[in-house]
Amino acid sequence: MTRAAADYGDVVVAAPVTVPYVRHSIRSAHHFVARALAGLLRRAGLAKSEIDGLSLASFTLAPDTAIGLTQHLGITTRWLDFLPLGGASGVVALRRALRAVQSGDAEVVACIGADTNHVDSFRQSLGSFSVFARDAVFPYGSGGPNASFAFLTSHYMQSFGARREDFAKLCVAQRQNALHYPHAMFKKPLSLEEYLNARPIAEPLRLFDCVMPCAGAEGFLVMSRGRAEALGLPYARVLSTMERHNAFAEDPIQLRGGWSLDRDRLYGSAGIAPEDVDLVQTYDDYPVMSMIQLEDLGFCAKGEAPEFVRRHSFTTDGSFPLNTCGGQLSAGQAGCAAGFLGLVESIRQLTDGNLARPVEGARFALAVGFGMITYDRGLCSAAAILARAGDGA
Amino acid sequence: MIPPLPRPKRKNPVLRTRAPLLPPGPRSRAALGLTAAAALGRFELQECAACGAVQYPPREACHRCLGVELPWRRQSGEGELIAETTIHHSHDTFFRERLPWRLGMVRLDAGPTVVAHLHGGCGTAPARVLVGARLDKAGQGVLVAFPPEEVPNMADDRQLREMTCDPKYRKVLITDGKTAVGQALVRAVCAAGAELVWVGHAEPWKKLPGLEQIDAMPGVSLVPLDLTDSRAVREIAGEIGGKVDILINNAEVHRTQGIASRSGIEVARAEMDVNYFGLLRLAQEFAPAMRARAADGQSSATAWVNLLSVFALSSFPGQGTYSASKAAALSLSQTLRAEMRPAGIRVIDVFPGPLDDEWNQTLPPPKVSPEALARAIVAALRDGVEDVYPGEVAAEWFARWRENPKALERELASQS
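Residue numbers (this note's numbering), protein chains in the order written: chain A, 1 to 393; chain B, 1 to 416.
Derived from the structure by calculation, the hints contain no laboratory data.
Take the hints with a grain of salt, since some may be wrong.
From chain B, some residues computed to sit far from chain A (all C-beta separations above 12 Å) [claimed, not checked]:
#	residue
1	Pro-23
2	Phe-43
3	Val-267
4	Tyr-276
5	Gln-284
6	Ala-327
Under the rule of at most 25 Å between Cα atoms (straight-line distance), these lysine to any residue pairs were calculated in the SDA-like manner [said to hold, decoys possible]:
#	chain 1	residue 1	chain 2	residue 2
7	B	Lys-206	B	Lys-168
8	B	Lys-168	B	Glu-386
9	A	Lys-302	B	Lys-168
10	A	Lys-302	B	Pro-126
11	A	Lys-48	A	His-24
12	B	Lys-171	B	Leu-22
13	B	Lys-178	B	Pro-366
14	A	Lys-302	B	Glu-80
Computed Cβ-Cβ distance ranges for the label pairs, DEER-style [as the list claims (entries may be wrong)]:
#	chain 1	residue 1	chain 2	residue 2	range
15	A	Gln-124	B	Leu-15	27 to 37 Å
16	A	Lys-187	B	Glu-97	25 to 35 Å
17	A	Glu-307	B	Pro-8	46 to 56 Å
18	A	Arg-263	B	Ala-49	33 to 43 Å
19	A	Ile-26	B	Val-14	33 to 43 Å
20	A	Gly-268	B	Asp-109	35 to 45 Å
21	B	Arg-7	A	Leu-196	37 to 47 Å
22	A	Arg-256	B	Glu-69	54 to 64 Å
23	B	Leu-15	A	Arg-199	23 to 33 Å
24	B	Lys-11	A	Phe-248	51 to 61 Å
Glycine included, each C-beta is placed from N, C-alpha and C at the ideal position.
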């Protein structure tokens, strides 16, 4: 039995910042990191010199890493982290930063996920993503994760009776949510017919099952509650978190992630149950992953997500608010920033800093991270339960 | 159901010939083990020497016990297709012009899950399949999932044909029709469905047995071709070089001598002039035109075959100068392969043991018959392999050479 993790005491998250996404940019990732940091400082009313910890996630900074950015941006830190873990980078950055502040290694940590997207950079990044992908996926023509998720989606449909209409329901609802979020890349409603009849990408996936790569950044600050209150910053508390890498390696194909290993501890430490959660931000790089996460995180049993999806509306004003700013499927996927999107949106929802439509009376939010398809499956699973200040155990 | 390959229409000379593209070629050094086995027509994966776990994708350490000795071992390839997709979009230029493309995820009975090109004869998932390794157009090893049993028109599968060099409906040049091997080759490629066969013969005034019958076969035409004459090679290349899809260079001079058994270098020079310089002359004149036609529709230029000898690996001192000329040709063939690779044209080296012909009269059996050699070459084209060791002697010597080349050197010396 693993020892229960200590709680995060008086350490909180604040200052959710989004650098608006653009489809393509001629700027480098450094540009988006700088704008995110400036946004965090502006939001918190802090001087650059008051940031003493930096956690950075990016795929497109090469040859730089976080250290190069300290000089580039002219900041001096006593704590530094570089976590290019894609869709899991936000939650993992949060976990590291919380402990750094709690232990006194840093006082204010800026956590930033940022990436650029040149016209050809997605294609160029594919061949260098991982050794396994270069040796055993890329030569087969799929060019990126589409084929891998087509396998998972078709296997999931076959195993659990999910229909294209079930995935459509999530995509259409998220688009509905995105219409109220000013930074979403997609600004028009998505109809069921448009979803079903979109051009095929990798069967059974069609265009609106796939995210749109873009450039942008997301960030938040981690600090003590006292510091946040002194700054007059609205903040959210972090009740519990988990990360798990390369879980269930013996499964021949991915139908579950590491969440199911850590779910009980996650809710146990938070002192709440799945039904207490008011809004969920899944890592929705493909809609099948949202279904797998809903199952693994205890909202329904394994294989029952299609039925669960049929029962709920997923809109901010309906039942089971999901991906309240549209998720990546509608907001866009800005590289590692995508791993921050759900966290940043959750902090906004819990601190009344909404850009998208608020979920009325929301007290608890669950943000999920998932990522790094180095061969045939996503290796990183992560999740965090956040609470409105004053709520929770 | 796989539709039979249609007979190609005549090429429209007004249209632009499509430029060759390759699938992604970069691989880690570990992954080149798959290529090395596929070049021999084998499907091998790494198996941990310590715990026996089968590994995939190729790697540096065992995923189970961290052992770092991971020798490549032959695999049965049996497994279950657990999921499949047909891709309609690709960022890769090669696949973009070949969409849609069918892929499968296969759980091998040996353990690992592999992503594989999916042959059109495979049923929909879940289904039993047989995974094999092939060289793709980039010359790198890839996995292909086949139906567990032969289906009609198996070789005509559109995706598979991008990895093989099947002679069906292709135009073939065989450089020497005077020998028993050359004539067996003509019959074999005709039987395999070749569209046209040009058969070279040096010294056309010499009426040699069998030539007339060859010449009378439908689709076969004799062309004067003397590999020692640079100008003659250039002329014939100017005439047919732009049409040849498969070039089989079987011309050779074969004498049986070492160093001490004869004075002077005239015979050795004659061997080099055909076996080495002949290949060089052919390559200079024919390779550029073949490279340009490497993506020329269904029946593009696809392969170059060199008839070498297993003595190219290690000298057989009783035939020492011949061995040296074949070693030189092997080295040149590697250069040719490197130069043909950007176009995706396969260079196939054939390493037979002693042939059952007049120059090996004194050697004991088993010896390779011309018919068996021709069959092995057609099979190599159909499977798209790079190195062929036809016959029992070649297979054994190759195994000995792989295990301990110094030991083979001693063994060959004692046989001479």
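Hint check for B/Asp-109 and A/Gly-268 - Cβ pair distance inside 35 to 45 Å: The hinted range 35 to 45 Å holds for A/Gly-268 and B/Asp-109, with Cβ atoms some 40 Å apart.
Given pair status - B/Lys-168, A/Lys-302, alpha carbons within 25 Å: Not OK: A/Lys-302 and B/Lys-168 at ~51 Å, beyond 25 Å, violated.
Restraint check for A/Lys-302 with B/Glu-80, where alpha carbons must lie at most 25 Å apart: 23 Å, holds
B/Pro-23 remote from chain A - nearest C-beta pair above 12 Å: Not fine: 6 Å to the nearest Cβ puts B/Pro-23 too close to chain A.
Outside-interface status for B/Phe-43 - nearest CB in chain A farther than 12 Å: B/Phe-43 clear of chain A: closest Cβ-Cβ about 14 Å, beyond 12 Å.
Pairwise hint evaluation, B/Pro-366 against B/Lys-178, where the allowed Cα distance is 25 Å at most: 24 Å, holds
25 Å Cα cutoff - pair B/Lys-206, B/Lys-168: Judged against 25 Å, a Cα distance of about 31 Å means the pair is violated.
Distance restraint hint 25 to 35 Å, applied to the beta-carbon atoms of A/Lys-187 and B/Glu-97: Given about 34 Å between the Cβ atoms, the range holds.
25 Å Cα cutoff - pair B/Lys-171, B/Leu-22: 22 Å, holds
Assessment of proposed distance window 33 to 43 Å (beta carbons of A/Arg-263, B/Ala-49): 39 Å, holds
Range hint 33 to 43 Å (beta carbons of A/Ile-26 and B/Val-14) holds or violated: Cβ of A/Ile-26 to Cβ of B/Val-14: about 41 Å, so the range 33 to 43 Å holds.
B/Val-267 remote from chain A - nearest C-beta pair above 12 Å: Non-interface label on B/Val-267 holds, nearest chain A Cβ at 47 Å vs cutoff 12 Å.
In the structure shown, a violation is registered for the earlier hints numbered 1, 7, 9, 11, 22, in ascending order.
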